[in-house]
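Chains A, B, C and D are the protein sequences, given in the same order. The letter at position 17 of the first sequence is residue 17 when you use our numbering, and the numbering goes up by one with no holes. The letter at position 315 of the second sequence is residue 315 when you use our numbering, and the numbering goes up by one with no holes. The letter at position 244 of the third sequence is residue 244 when you use our numbering, and the numbering goes up by one with no holes. The letter at position 116 of the fourth sequence is residue 116 when you use our numbering, and the numbering goes up by one with no holes.
Any given hint could be a false lead.
List of simulated lysine-lysine pairs, DSS-like, C-alpha gap at most 30 Å [to be verified]:
id, chain 1, residue 1, chain 2, residue 2
1, A, K297, A, K27
2, B, K312, D, K308
3, A, K316, D, K308
Derived by calculation from the structure, the hints in this document are not laboratory data.
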Amino acid sequence: MDKIKKKLFFNMLRIRNIEQAISDNYKFQKMRCPVHLSVGQEAPAVGIMQNLKKEDKIVTAHRSHAHYLAKGGNLNSMIAELHGKSSGCAKGKGGSMHLIDLKAGVSAAVPIVGSTIPIGVGLSWNIKLKKKKNVVVIFFGDGATEEGVFQESLDFASLHSLPVLFVCENNHFSVYSPLSNRQAKKRDIIKIAKAVGISGTKIHGNDVLNIYKKSKKIISDIKQDPKPHVLLLDTFRHLEHCGPNNDNHLNYRSDDYIKKWLDNCPIKTFKKKLLKNKVLNILELKNYENKISHEIKLAFKYARNSKFPKKKFLLKNIYA
Amino acid sequence: MDKIKKKLFFNMLRIRNIEQAISDNYKFQKMRCPVHLSVGQEAPAVGIMQNLKKEDKIVTAHRSHAHYLAKGGNLNSMIAELHGKSSGCAKGKGGSMHLIDLKAGVSAAVPIVGSTIPIGVGLSWNIKLKKKKNVVVIFFGDGATEEGVFQESLDFASLHSLPVLFVCENNHFSVYSPLSNRQAKKRDIIKIAKAVGISGTKIHGNDVLNIYKKSKKIISDIKQDPKPHVLLLDTFRHLEHCGPNNDNHLNYRSDDYIKKWLDNCPIKTFKKKLLKNKVLNILELKNYENKISHEIKLAFKYARNSKFPKKKFLLKNIYA
Amino acid sequence: MLKKRIITFADAINEALSQSMQKDKNVIIMGLGVDDPGGVFGTTKDLIKKFPKDRVFDMPTSENAFTGFAIGLAISGKKPVISHQRVEFSLLSMEQIINQASKWFYMSGGQAPVPMVIRLIIGRGWGQGPQHSQSLEVLFSHIPGLKVVCPSTPFEAKGMLIESIKDKNPVIFFEHRWLHLTKGFVPKKMYSIPLNGPRLMKKGSDITIISFSYMLIECLTVCKILSDNNVKAEVMNISVLNPLSIKKIINSVKKTKRVLIVDNGWKNYGIGSEIFARLFENFTKTKITCERMGIADSPIPSTISLSKHSYPTKFTIIKKIEKILKKKLIIKQKYISKIPSDQPDKSFLGPF
Amino acid sequence: MLKKRIITFADAINEALSQSMQKDKNVIIMGLGVDDPGGVFGTTKDLIKKFPKDRVFDMPTSENAFTGFAIGLAISGKKPVISHQRVEFSLLSMEQIINQASKWFYMSGGQAPVPMVIRLIIGRGWGQGPQHSQSLEVLFSHIPGLKVVCPSTPFEAKGMLIESIKDKNPVIFFEHRWLHLTKGFVPKKMYSIPLNGPRLMKKGSDITIISFSYMLIECLTVCKILSDNNVKAEVMNISVLNPLSIKKIINSVKKTKRVLIVDNGWKNYGIGSEIFARLFENFTKTKITCERMGIADSPIPSTISLSKHSYPTKFTIIKKIEKILKKKLIIKQKYISKIPSDQPDKSFLGPF
Ligand SMILES: Cc1ncc(C[n+]2csc(CCOP(=O)(O)OP(=O)(O)O)c2C)c(N)n1
Ligand SMILES: Cc1ncc(C[n+]2csc(CCOP(=O)(O)OP(=O)(O)O)c2C)c(N)n1
Ligand SMILES: [Mg+2]
Ligand SMILES: [Mg+2]
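Here chain A stands alone, though its shape is the one from the complex (with noise of 0.2 Å):
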């Protein structure tokens, strides 16, 4: 179990310190696309894509890094992706919002709210229907929710019983939007799943260890027995929506708030557990931050020196 914890650890401290650089190195204006930063939401990716196999599907949205980064997805051909570099996971063509990495089973990742929700249950039917042992999660926000096309596909998942997680990351805003603007104080996502005969779970989005806990048992279930589920986490997005920077001065947020949950952040909270209960010590960390920091650097190095894709190539692949 130790190990385990230090992967969940190691792997969300990977992805944070992805998402650092790539807000640090932002403003030089080489990345010229928008990126929508996972930071602060690294726990329900770690946790949930630890149980995975890389026959698994995922499907995400505009915010993917984290999942397609936890999923094994190149981190090379992201930055690449990033910079519209040839070399990219879309060659280019997609940047930010459409990260995809087959051979890690990231199948898409599209910046349409809701869009991937069907795709997703399209991608679980076909296992279905090849009677494999595999299952696909579908990651989307609250705001994706208010989509009607997440209720028709929770709808079909329950019909035809398909091994689908749906995971829905509760960060409480749409951009700049409350809860409290958009859906009823009553409205619960468990209890929709549940009128149409799916059964949901909550947890704390920012606890990688119960996350993966919890999944990993929901996920075996689907895979011996499809059918989907619907998971909840609370969670928070420590930076602004879209873009490199924090936007707290906007105040669409509390300080308390933001106080609240930034005490709660997944990692910090977890590192402390973690050398706290002596699972982890400061000389490994060092070690973590390391090798994360060489990583980085490589892929940053990768992307810089990759071509730009040639002119010919803007009517290249518009039919296969």
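Using the hints provided, position chains B, C and D with the ligands relative to the given structure of chain A.
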């Protein structure tokens, strides 16, 4: 109360006989548009509408004749509309699937499944904005609840506490498709409503008196204290999905099932009760039939004698 | 003596589906009512009897989601064929079609093709009215990454559907409701017609008539009238609207110098507009005479007294041709149909 | 001395909204983030401070439903103005827009008008990529019953938005993201510009350049280059795409006999196609030279190295004009911008 019972009965009978007349006359090829007859489903329209004022509004879908008539929509204009005449309620431009009578509070009927649900919510939103004490009733079928826009509409009505009554007439089929092809067994519309903070009530959809009574309370509550409510009514369509005939020979509904529901015909059962309890006698019944038959005769005559719109109207009313 | 096999357009579609399913077990049929007694105007009839249940799927009325499901199937190796009984229902799924399906291969840098077919049925007649008789081909044809196919004959219907299913891209496959009833020669064996552009339907030298879908059938009748008048019309069928290939049309017009485009949809910003533009881009030196027609630019009303003026007819087409040829043409009595304008033939009595 | 009041396009929109709300209490603003600190790129900023809460509504991400809500409001007397921060999001609501809003007045037999405005913002630059930079004007312009408006200057933005809100019909109001940042003269008082067609932006006699939205701005720069070369270009702004009025354009072309259409969207089946067709329908006797340009017919990639080839630029436009005029043109150094092609100006650094 007896007066109301008689009225409920009369209104159902009137709708039934009008629909029957449409069915009988369809073969003459003068009503040249698709018709989705309401035969068998008269009770929800009649029971609910008895509690509405002119200023209350309704919207409905393809199967709208009962709703239009029960709300007080003009019969002559409806039959003329089916005949494509310029005296029709939509000047012949709409046909059976686009009934409208703004004076009577029939705001709209359109044949795209689910589409009037958000439009009805918009109407009710405006009632709230104007601080009026009215209600909007939205009629739709079991199929329409599969459209994402249904969920989106519930969500918003709940969020803003809108004075709207959602009425689902569950006739268990969407065209020839049984519920089992489309919805998970455990799916429950009342629970779906509750999950977003809306209360709901299930009543037998062929029991006009109970529908009247329950909806009376619900509607008066909504007018008192605006908030949405969902009403679920199980019922049965006697004729084919679209067109004037019976399609039982296609065997998509079992003989037993059909028999059970025909025995439970809202008009037959209510008539029996009213006669038994002496609320109604045979003579009155005869009078009803005569009165209705006379009205129908006049309506068809009106339609036949009306003129077709002139060519120039093709390009009129594209813009207001 | 060999007798040619004559079947309906609807049966040709059915046969294309059936043979494609037989040949490739990844082909899956999904849509409202594909397994029901109506079978999407007969086009999917009995497939449920011939193939296992997990290849013929009835769908809930969740058009947006099930287009997404189909994309998910397609990118993971299946070949879904989805259908909408009216093109209007697909408007609920435009986000999935335009943002996702059409761009998926491109935006994945060429990694993930989306082999799927979306069958869109265009309604007409018997008072269908504003929301059940739009054409809307241009909404899809404008989008790079979509192929848009509009067969006009049973022969094309089968061959092009088979090819569309084989194709690795999202193909929008338009079927006009009135074509379903038409009959023609269709070989029994599996064959396919490449999705590569206009097909010559009739050779001629006096005028080039360009059309597609149901309107092409009207144009072929018009040709007979023209023949009686000693006018030799060449008829080109643009059965593939996107990607649009114009070469054969150019060659035809080089010969005739006169063109009539009869659009199957609204005229304004229509399919005809693009063809018109392409023609004049190509004929900068030679003078050509070109006219276009299309559905009157209004919602299509339910009443027959107005809808009969919505669509181009043999008579209005002839009138345009008279204008182009500067010559009076005679229409024989036999072409003056006694069937009301909202019926393609006597058998069609609605109700939808 | 009177100094002209110069404000940004975004502020002009804001002012139009504010003054319209002031004047008519039925005007209601709704859309994602209309009340947030960003205020839809500044266009709705502070409205929430000036007007009661029940006139400025943040929306859930339920684009399809809230378009329907707006229709419900509109047919019962309100005048909703809804916005989508990217035109792509409106694809979720095409059913409501095309089947319902556009036809409601017609299919009610002229009883129920739908006075609403749908603001659609076109994205561009900073790697927005395939799903955040489409134009799609033609998808709406093809539909009878919709008005489609594309202002290019702050002056137009204010006047046409005020007029669109007053209009009794559903108006699709396109705003190009890059225009939001542009500045120009805008009177403080409330004024409106009728939605009746092309506006002459610059008089000239050698060539007519036709464009709209952001591309028009490029064309106006091109005019300066042409001026240096002693070429007098006339620039026509088709600020109303539907209903399209062509008369002023015809008159211009009568004079110049040479035309370049620079489409703001994809070229294929584009806005330019219809204009091209209309021109040649009108010039059957006189010979004219006509060319068109538009966005390259592919999804628009994220990387700057490719997206820079997606759009027409000053240079490619000049090249086309050289072809039309059969004359070499000189581009002065000062027009050769040092700002990368994915930024309209140095201040624009994304992230969206
Ligand atoms: C259909 C659609 N509507 C609106 C947007 C604009 N948008 C981009 S991200 C976003 C926030 C969505 O919130 P949520 O799903 O909670 O994800 P989060 O950003 O909080 O991770 C919005 C509204 C969009 N991309 N797509
Ligand atoms: C969006 C859409 N999809 C499909 C159809 C075709 N259609 C017409 S009526 C109907 C049945 C809908 O079932 P339900 O809502 O239960 O109403 P019912 O006919 O049973 O009264 C369908 C699927 C449609 N009109 N609109
Ligand atoms: Mg969120
Ligand atoms: Mg039903």
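Status of the hints after comparison with the structure:
no. : hint            : in the structure
1   : A:K297 x A:K27  : 17 Å, holds
2   : B:K312 x D:K308 : 49 Å, violated
3   : A:K316 x D:K308 : 15 Å, holds
Hint violations for this structure: number 2 only, all remaining hints satisfied.
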